[in-house]
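Work out the full structure, taking the sequences as your base and the hints as a guide.
Number of protein chains: 2
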Amino acid sequence: MSKDFSKLMSYAKHVASEVDKVINEVVRGRPQELYEASYHLIKAGGKRLRPLALVLSARMFGLEERIGILAGASVEILHNFTLVHDDIMDKDAFRRGVPTVHTIYGEDMAILAGDLLFAKAFEALGRLSGLVSADRLVNAFRELAWAAVTVAEGQALDMEFERRWDVTLDEYLSMVYKKTAALFKSSLVIGALLAGAPQNEIANLEKFAEGVGIAFQIRDDVLGLVADESVLGKPVYSDLREGKKTILVIHALSRLGPEGRRKLMSTLGRRDASVEELSSLAELIKSTGAVEFADSLADKYLEEGLEALGRVKPVDQEAKDLLRDLAMFVTARNY
Amino acid sequence: MSKDFSKLMSYAKHVASEVDKVINEVVRGRPQELYEASYHLIKAGGKRLRPLALVLSARMFGLEERIGILAGASVEILHNFTLVHDDIMDKDAFRRGVPTVHTIYGEDMAILAGDLLFAKAFEALGRLSGLVSADRLVNAFRELAWAAVTVAEGQALDMEFERRWDVTLDEYLSMVYKKTAALFKSSLVIGALLAGAPQNEIANLEKFAEGVGIAFQIRDDVLGLVADESVLGKPVYSDLREGKKTILVIHALSRLGPEGRRKLMSTLGRRDASVEELSSLAELIKSTGAVEFADSLADKYLEEGLEALGRVKPVDQEAKDLLRDLAMFVTARNY
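One line per chain: the protein sequences are B and F, in this order. My numbering numbers the first residue of the first sequence as 505 and each following residue consecutively. My numbering numbers the first residue of the second sequence as 505 and each following residue consecutively.
Careful, some of the hints might be misleading.
You can't tell identical chains apart in this list, so a pair holds if it fits in one copy or across any two.
In the EDC-like style, the derived pairs of lysine to aspartate or glutamate whose C-alpha atoms are separated by at most 20 Å in a straight line are [said to hold, decoys possible]:
(1) 517 / 666
(2) 595 / 612
(3) 507 / 822
(4) 595 / 611
(5) 767 / 594
(6) 824 / 807
(7) 748 / 612
(8) 748 / 537
(9) 748 / 522
(10) 551 / 733
(11) 817 / 780
(12) 551 / 508
(13) 547 / 537
(14) 767 / 787
(15) 767 / 670
For the record, the hints were derived by calculation from the structure and aren't laboratory data. What you are looking at is a predicted structure, and each value in this text was computed from that prediction instead of being measured.
Below is the structure:
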């Protein structure tokens, strides 16, 4: 990495630590096994980037940090809910380097742990009652509900695409917007709504989030093809084994001839494929220039996002600078 | 039934029809399969008793019906979310006389359909923005989140109890309060909060809901032991097959000698038990006076609930009368 992210990292660490304190208070109760299962993935780590985005957005429009922290706990809990349920559906056995919730506690308890986290996300937001005006808090509740609806729609599309071979680039981008960018967008928007930001600034944030969120997912797709297990925190080639229609697969399918397509389709989505077969599939995909295509598309989305952020007139310039750093950081090429 | 419920039934039908229109607007979108799966159980019927309770509670404190209807859609959607996920965990293949969501669409889609409904419940409540004061709406959001948390805790207890043989009556009552009474309570409380009812009246409603909710579940336990498939809308003896620690089982375990307990424990919770074995188990349980015990406990809870309702000073006496009828109706002995 050429850019110096030390200031961002230091602030991210501070926010994560404060957010974790709040989450620890909110996700606590009985029955014990349910709460242990619900806390398992949260405990396993994660960078708390959505709370960080929320806090910075809130600060940018003049809201004090501690209120952003409380709301940040809410979006982080919601994010963890989606991961717990996605891991069941995707049959993923590892995440963040540890066994997934359903692997340890069974599917039934994992469903319920996800449900509890979902509810706790709204409970956490309710804790802002009395700290911000009720009008602003209602707006935040509605935004959080929108995010939850949209992420579910995105996950449904992702699952549908696993069964299809004719997914277009536009369909992919729409899925990624819903599954990945939406909650990042809502994190930023909730921060701004709680701060009472004007409508045009919220529109800027939405553009920013869309660009950064999509660029992030495209890089994540590439990482899934080129990185090793220690970087991923889960087995290599999970995406290929699950038949995910990543941007790389979509590009490859559009470029390969009949023979190549046949080869790709015979291995992609086969859960029993060997690492050798998957590695050969990865090479085939790379041979179409898919990584270069993905990278340049990510660059384009990132640029559009940064432009939108550039239009924001902040009351706290440092917060805006850090938000720009955050965008660069999450979309950096770590490969 | 000796009591005449025709007035209640007529109003219930009206509310259900209005609530269904709202649900139909809220639970609509794409991807198609996700929304079909989410709508499946809602479409299959149900009496919409929680919206009815909410509307009557709201009316009792002077809120217009159409606002209660909108909020009623929210609690009904949340209720259906819990049913979709419970059916996966309990491996129930039928509900309301039709195959359950996971039976038709698979477990993954059923998890996601439940998640979407969960989110839609909060979206539906958000539609009240601008129709009631933001203060009241924030209170309603917090109450709905509390209900969602509590129902998840109740379901976890219910599952834990399936594996245990030493569940006490108090533990049973606490589980039933969370799993069944809590959302009924929140429906009433949300109606009252939206109407701006004073705190002491909300406390009366909580007492009322606790009594009626627990009495309802006790009667439902009895119904599961004595009713036939056409009444239940699902196979007979599901509770016995799943090893549920109903109040009947808890009572029987406390009354049977070593031989009887051994017999009970050897069949209860065996998914492959024959109808003959389960029928013989049901007779064994009945022989302990469990049904009579359950009935008298339900009577006691109902009475306490009705006393609490009696203390409410309504602005709309008809609404209070109908709420009393509703309590009598849902706790009537239909066996």
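Taking the hints in turn, this is what the structure says about them:
1. In the homo-oligomer, the alpha carbons of residue 517 and residue 666 never lie at most 20 Å apart, since the shortest distance is 36 Å inside one protomer and 43 Å across protomers.
2. For a Cα distance limit of 20 Å, the shortest separation of residue 595 from residue 612 qualifies both inside one copy, at 14 Å, and across copies, at 10 Å.
3. Taking identical chains as interchangeable, the C-alpha atoms of residue 507 and residue 822 lie at most 20 Å apart only when both belong to the same chain, with a minimum of 17 Å there against 70 Å between chains.
4. Within a single copy, residue 595 and residue 611 get their C-alpha atoms as close as 10 Å, and across copies as close as 12 Å, so both meet the 20 Å cut-off.
5. In this assembly of identical chains, the alpha carbons of residue 767 and residue 594 never lie at most 20 Å apart, being 23 Å within a copy and 42 Å across copies at closest.
6. For the homomeric pair residue 824 and residue 807, the shortest alpha-carbon distance inside one copy (16 Å) is at most 20 Å, but the shortest distance between copies (61 Å) is not.
7. Proximity of residue 748 to residue 612 under the C-alpha cut-off of 20 Å is restricted to the inter-copy arrangement: shortest distance 15 Å between copies versus 25 Å within a copy.
8. Taking the shortest Cα distances, residue 748 and residue 537 sit within 20 Å of each other only across copies (18 Å), while inside one copy they are farther apart (32 Å).
9. For the identical chains of this complex, residue 748 and residue 522 are neighbours neither inside a copy (35 Å) nor across copies (42 Å), given an alpha-carbon limit of 20 Å.
10. In this assembly of identical chains, residue 551 and residue 733 lie within 20 Å of each other by CA distance solely inside one copy; the values are 18 Å within and 52 Å between copies.
11. In this homomeric assembly, residue 817 and residue 780 never come within 20 Å of each other (Cα to Cα): the closest approach is 52 Å inside a single copy and 75 Å across copies.
12. For the identical chains of this complex, residue 551 and residue 508 are intra-copy neighbours only, at 18 Å inside a copy versus 61 Å across copies, given an alpha-carbon limit of 20 Å.
13. Taking identical chains as interchangeable, the C-alpha atoms of residue 547 and residue 537 lie at most 20 Å apart only when both belong to the same chain, with a minimum of 15 Å there against 34 Å between chains.
14. With identical chains, the CA atoms of residue 767 and residue 787 are at most 20 Å apart within one copy only, with a shortest distance of 12 Å there and 62 Å across copies.
15. Taking the closest pair of Cα atoms, residue 767 and residue 670 come within 20 Å of each other only inside a single copy of the chain (16 Å); across copies the shortest separation is 58 Å, beyond that limit.
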